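*Asks:* If you want the building blocks of each chain, they are given just below.
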Amino acid sequence: MVTTIGGVMKFIIAIIKPFKLDDVREALTGVGVTGMTVTEVKGFGRQKGQTEVYRGAEYTTNMVPKLKIEVACASAVAAQAVEAIQAAAGTESIGDGKIFTLALEDAVRIRTGETGDTAI
Amino acid sequence: MVTTIGGVMKFIIAIIKPFKLDDVREALTGVGVTGMTVTEVKGFGRQKGQTEVYRGAEYTTNMVPKLKIEVACASAVAAQAVEAIQAAAGTESIGDGKIFTLALEDAVRIRTGETGDTAI
Amino acid sequence: MVTTIGGVMKFIIAIIKPFKLDDVREALTGVGVTGMTVTEVKGFGRQKGQTEVYRGAEYTTNMVPKLKIEVACASAVAAQAVEAIQAAAGTESIGDGKIFTLALEDAVRIRTGETGDTAI
Amino acid sequence: MRKFLTISAGLAVTAVAAPALAQEAAEVADPSANTAYILNTLLFLIGGFLVMWMAAGFAMLEAGLVRSKNVSMQCLKNIGLYSIAGIMFWAIGYSIAYPGFEGGFIGIADFPYAMQGVGEADVGTGYSVASDWFFQMVFCATTASIVSGTVAERVKVIPFFIFVFVLTGFIYPVVVSWEWGAGWLDAMGFSDFAGSTLVHSTGGWAALAGALIIGPRLGRYVNGKITVMPGSSIPLATLGTFILWLGWFGFNGASQLAMGTISDVSDVSKIFVNTNMAAAGGVVVAIILTQVMYKKIDVTMALNGALAGLVSITAEPLTPSVPQALLIGGVGGAIVVFAVPLLDKLKIDDVVGAIPVHLMAGIWGTLIVPFSNTEVPFVAQLTGVVATGVFVMIASSIVWFAIKYTIGVRPSEEQEMLGMDIAEVGVEAYPEFAKG
Amino acid sequence: MRKFLTISAGLAVTAVAAPALAQEAAEVADPSANTAYILNTLLFLIGGFLVMWMAAGFAMLEAGLVRSKNVSMQCLKNIGLYSIAGIMFWAIGYSIAYPGFEGGFIGIADFPYAMQGVGEADVGTGYSVASDWFFQMVFCATTASIVSGTVAERVKVIPFFIFVFVLTGFIYPVVVSWEWGAGWLDAMGFSDFAGSTLVHSTGGWAALAGALIIGPRLGRYVNGKITVMPGSSIPLATLGTFILWLGWFGFNGASQLAMGTISDVSDVSKIFVNTNMAAAGGVVVAIILTQVMYKKIDVTMALNGALAGLVSITAEPLTPSVPQALLIGGVGGAIVVFAVPLLDKLKIDDVVGAIPVHLMAGIWGTLIVPFSNTEVPFVAQLTGVVATGVFVMIASSIVWFAIKYTIGVRPSEEQEMLGMDIAEVGVEAYPEFAKG
Amino acid sequence: MRKFLTISAGLAVTAVAAPALAQEAAEVADPSANTAYILNTLLFLIGGFLVMWMAAGFAMLEAGLVRSKNVSMQCLKNIGLYSIAGIMFWAIGYSIAYPGFEGGFIGIADFPYAMQGVGEADVGTGYSVASDWFFQMVFCATTASIVSGTVAERVKVIPFFIFVFVLTGFIYPVVVSWEWGAGWLDAMGFSDFAGSTLVHSTGGWAALAGALIIGPRLGRYVNGKITVMPGSSIPLATLGTFILWLGWFGFNGASQLAMGTISDVSDVSKIFVNTNMAAAGGVVVAIILTQVMYKKIDVTMALNGALAGLVSITAEPLTPSVPQALLIGGVGGAIVVFAVPLLDKLKIDDVVGAIPVHLMAGIWGTLIVPFSNTEVPFVAQLTGVVATGVFVMIASSIVWFAIKYTIGVRPSEEQEMLGMDIAEVGVEAYPEFAKG
Ligand SMILES: Nc1ncnc2c1ncn2[C@@H]1O[C@H](COP(=O)(O)OP(=O)(O)O)[C@@H](O)[C@H]1O
Ligand SMILES: Nc1ncnc2c1ncn2[C@@H]1O[C@H](COP(=O)(O)OP(=O)(O)O)[C@@H](O)[C@H]1O
Ligand SMILES: Nc1ncnc2c1ncn2[C@@H]1O[C@H](COP(=O)(O)OP(=O)(O)O)[C@@H](O)[C@H]1O
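Chains as they are written, first to last, in my numbering: chain A, 4 to 123; chain B, 4 to 123; chain C, 4 to 123; chain D, -8 to 427; chain E, -8 to 427; chain F, -8 to 427.
Because the hints were derived from the structure by calculation, they are not lab data.
Residues from chain D shown here face chain B by an in silico Cβ test under 10 Å; the list is partial:
| no. | residue |
| --- | --- |
| 1 | Met408 |
| 2 | Leu409 |
| 3 | Ile413 |
| 4 | Ala414 |
| 5 | Val416 |
| 6 | Gly417 |
| 7 | Val418 |
| 8 | Glu419 |
| 9 | Pro422 |
Just so it is clear, the structure is predicted and the values come from calculations on it, not from any experiment. Where is the CB? At the ideal position from N, CA and C, for every residue including glycine.
Turn these sequences into a full structure, and let the hints steer you where they fit.
*Replies:* In structure tokens form, the structure reads like this:
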């Protein structure tokens, strides 16, 4: 089966504000990345949640709803992809999120069995 | 605490069609991988979502519901695990998903503190 | 844009019991890690799910609800972070979960564009 | 100005009516006969809107017990079937149900059913024919609602509506004609006060035929293993049950068919009490049994228990004493607890438990009538149960098979996997909530 | 046969009890006038609580059709508007609606409306004034409910309540005074039995004015593309529709305003039937059309179809024959199917479809009255429709603009994004469910 | 004793209205008395089914305000308690409530309560005894529903049912006997028209005793910090509130206990208006106060405000003028807004706010009666409030303690964490929705 071609691909994990999803997707498409996987997450960080009042008791939800976007791509495009995400997801306000880049050793397209960056 | 034994383990991330979960689980058990973590995700890719009509307006949900399966395993079994997933998750149709393999530096079993691949 | 400073950061993925979240958060704050991302997941492993009876038919939900916590941190603090999580999440009972450590090549704070561990 | 005109008009009529009547009071319509007419009609109207409300009860019960991917479809089927039932029962149903024969098997009066004209009242009947029709129509719709629950999650919408079309236009009316329509069963002395057999068993048999012919949901019974498919919303199922319980006061109470005398209204009151007690008995028995058998109290069994109690008492809600009502309803609750798993063993997939609740408890309720009403011959009850079963099973099977082998009854496997909401409705029930 | 046996039995009993009465019928306080008073009042009370229940129907329908981030707000608006309507209609509304003029345009009687004292009954009116007020008040509240659905998800709560304040205290009452209040429209021969125009179109016009002035939800129509925003819960929307359907029997049935004579109660029965048939027609037509046009059956269209059928028959639920009722309601259902996408083309954002359902079907229902009730001049109907439209559009626009340019009507973009529940209510509707 | 006074009064009026009939009243059943009998019974039946419907209201309100992991349990408790209440109130409750004494403290008539036989009507009472029993039974069930909300999410199901068993079979009936049963409070001139004290405060006291003895939910009050535990579904809570509001027209309206005269039916109408206005007042005040105090309008407070307004007017819904009704209800709304956080400060965990709504507003409503009904001595009201509080607190505490120290009342910490649905019901309320 596949031989590991270390480092030729990256696995990008971005945490963004939910309503920025469409912008980020367009930006990624712009740099040629069409596939991605999105997950609903809750974030902790500098940004604090809403203060709500429920039946007379105030409380702050310190979890903030975020979206996690996972993108596998060839190392070559990783930098542009990260830039694209950052540009698209930014609102200059606290809580905009993070982009994490990890090394991706291998990828397989289940349907075809293609591996490496052709699989993406 | 634990000394990092780089590269002896892999962290496999597979995106599959939801209804394939049971097949994939059985396949993994078959190669000796009993533990896994599953997350509901939405996927973007070649496969397009359903076209629905709501109150006279057509729209395509370009997000497709998928399941993300995360499996940590020893490098030795990684290849078989990937193969097992691919075999079990395939339907020969667009949208079958991907399998990503990352290096796992260390694992700890919270209950016992065991580390490395004994922890898995 | 950012130069990759391989290995100076870690990406920790912990699977814990849902009701342990607050303890884990406090423990992480204790070692100086304030940011984290949480995801609802279902886990398979040694721990079996509840046996429920629905309309006379018994069934076991072999999936157990868990929380996945993702923390990016500087390698320096990774060990303490892992220890903190393990200490806080443990209940000495099956199903306490796992902590996985991966290498994090780079991080970017979307708001500011800061990179590396300053971004976290 | 109509608000005032009408009133004065209204009073005028009475005013005019009153003195004139004074003399001939003895022979022709005297005021108290008019009052009785009004009260009888009012009973039909109140009973009618309460039973109409049961359509919402079935919709909520079923929406709560199907999986979320089929909830929109279940809502659509329920509002659709109620509408079709109304149209069909007017077009031919009522005329088949009340053919005007004596002891016959099948017949039909003029159709579509002609309602009265504006301001017309037929003192002969003692109530407004439109109010009677309305009250009878909602019973017809109930029969169809029963079917939708059992065959949920695996029947395409158009085939389902076609079945409802035949059920409400032909099958149900024929059964009704045998008893309430003065047919042969009635001649035999068969007694079914509000329809344990005529309404509930008929719906139950039609549902059973469907379940057998259509088969279980995909993956429900795989190599001997039962896959549990829990309902999407217990509170909606609970709401549905409470709605049905409320509606049942109209269902049974207004089946007294008259409120113009103190004895009639007293009987309606007694029926309210017995109806409530039978339901309570069903709930308590279901709770006790599930606790004993499973160490947990399955709320869906308690809900079904209430309904089974209600169905059980429906054949005779008037004559039982309270202890008898509790017993009759309680047995209904027990039937549910034992019959639900039994159906699973038989691989009969009844999504909401309509077969135990409406068919089995309906049979029980019909057969037990002589216990509290000694005038009723058991043999007549048995005959009625069997005859209804044979006729409805055959008729329904013919229709289900006809559909199955023509346009087909089930969605494709992929569609069924995906859920009928996306496949056929195009609208998900809970588009925003992640499925866990 | 029991259905008939029982009846005759009932009459028998009354017949026996009757003769004694015959003689004094004429002179003494004619019991039948008292009985009529009681029955008329009872009709208002039953009709009143059924229409009150419609407030819950609107709340559920709207809660189900807005996105989950605005559901708490929709619940708050609905319970708030019902309360405000009650207070305003007592404070001045009723007195404006029934100013006691003949053929006038606007007037006001003593206010706030004085209910009767304890034990007081005014035989002159033929019913209890309190029961009449209650029945009229719930109609007023209905008008406000209509507006909340159309402008949902983008109007701050206080501006909304201010609008309701004026609508229920002034705008709606004025329109009512023109017709039911014996004003100029009534003098013209305009006829609107239960309020297709007075209630539903009035609410619809006010909603339309709001939709135009407030504008669509953020991101709803971006560069020519329609963004679909599916509702959060189809079962709640279905429940709401069934509640409204049930309430409508009170809405139309009790608008007969009298039940003290056999002809009145028979007419109420006929109204029940026609009301039900029009709704059924609306459902069936909506189902057929969506299936034909889209190959899928949009359940929300079926629900709207039922409501459009009900609104269509409301202007004249008594005189139509059943086929006419089916036709009138069916056209209402068609209106919905075609008007909903049309509004989208016009970029008019009507979250729940209240404009097609209440305004357009209301106009249709009003104009078609002469078809079944030949005494009604078409020109009067047309005049009523136009006059109501002009007045309500102008009056509502003034109020919406006044609010818009003072305290503002919309939340900030960020708040709207976030959802009104967090922004203004502070309580999320489904805090525990992850949004997918 | 008003229950009987009213009746005879009712009959009196009819008697006056039909002097001629007076004579033969002895021998022939006088038709207008018969008509009154029918109408009185009908009032009980309509009121009865409306109040029965309140059981669904409590179920939905509570299902909406508990966390999703305890929703199935809340549904189970509600359908179970309604069933148990019906059985217990028949078995002994009614006989304790109406022991037939004069001014007594405790007594019991023959039990279980014997309903009338088929066709039997007792003209002496002026209504069907079965209809009266039914109407009284649903009040008993209401008392139990109140308790389930307060102690939700932390009481095992069997202990809860045991408490309901005693509450509905003994505690509530004793309190009722003091007033409606012609006991000592009634002799003192205490007046509680529809049960602000007898029903709502009794339920509220029992709930308070439970909350104190059982303690708060796990983690609710940790080292001085209040952990907010938002309810799972605001629309269900809203639906529940609307159901209760609707049911209250039966609760208060039918407590007039007679509809056989024009004055009685007029009073029922007045009660409808006042009941509605008090609820509206409660909503508006709660909305204004929360907006002022928190800059957000907590919809759950608005819902509780409506209920508090309803409870407040229940002690005397007939004599107040509309402004008085608005004031009485409005104060009820204010009580909720201030009492809910107060209970939190006292670490009394009342999940749905039943203590402010039913207990505190119930006390307020009872004490304010003399304000609109000058015949009622304040001291009697105060005595009634205190006596009920003392008795119910003691009796309930004994039961709660007895349960606590025998079979135990709370689930294990782990079970409570996990949720009672999995722990005791075995069925999750929303198995498919991911918890966020
Ligand atoms: N160390 C971390 N590890 C993983 N996720 C993080 C970390 N720090 C922040 N995040 C995620 O990024 C989101 C935004 O971070 P936050 O500190 O709130 O604002 P900013 O991105 O502007 O610094 C958080 O809600 C969380 O989901
Ligand atoms: N570059 C990518 N990075 C992360 N996930 C991806 C990527 N490309 C595809 N996916 C995931 O895989 C799923 C299937 O991919 P898709 O292109 O639709 O079909 P196929 O797997 O047959 O090529 C997508 O829905 C998405 O969740
Ligand atoms: N090999 C694995 N890969 C990924 N996740 C795993 C793996 N094994 C276990 N898990 C996760 O850890 C959770 C706990 O593991 P389990 O075997 O049940 O108990 P323990 O952690 O005590 O060994 C599982 O529910 C699953 O989510």
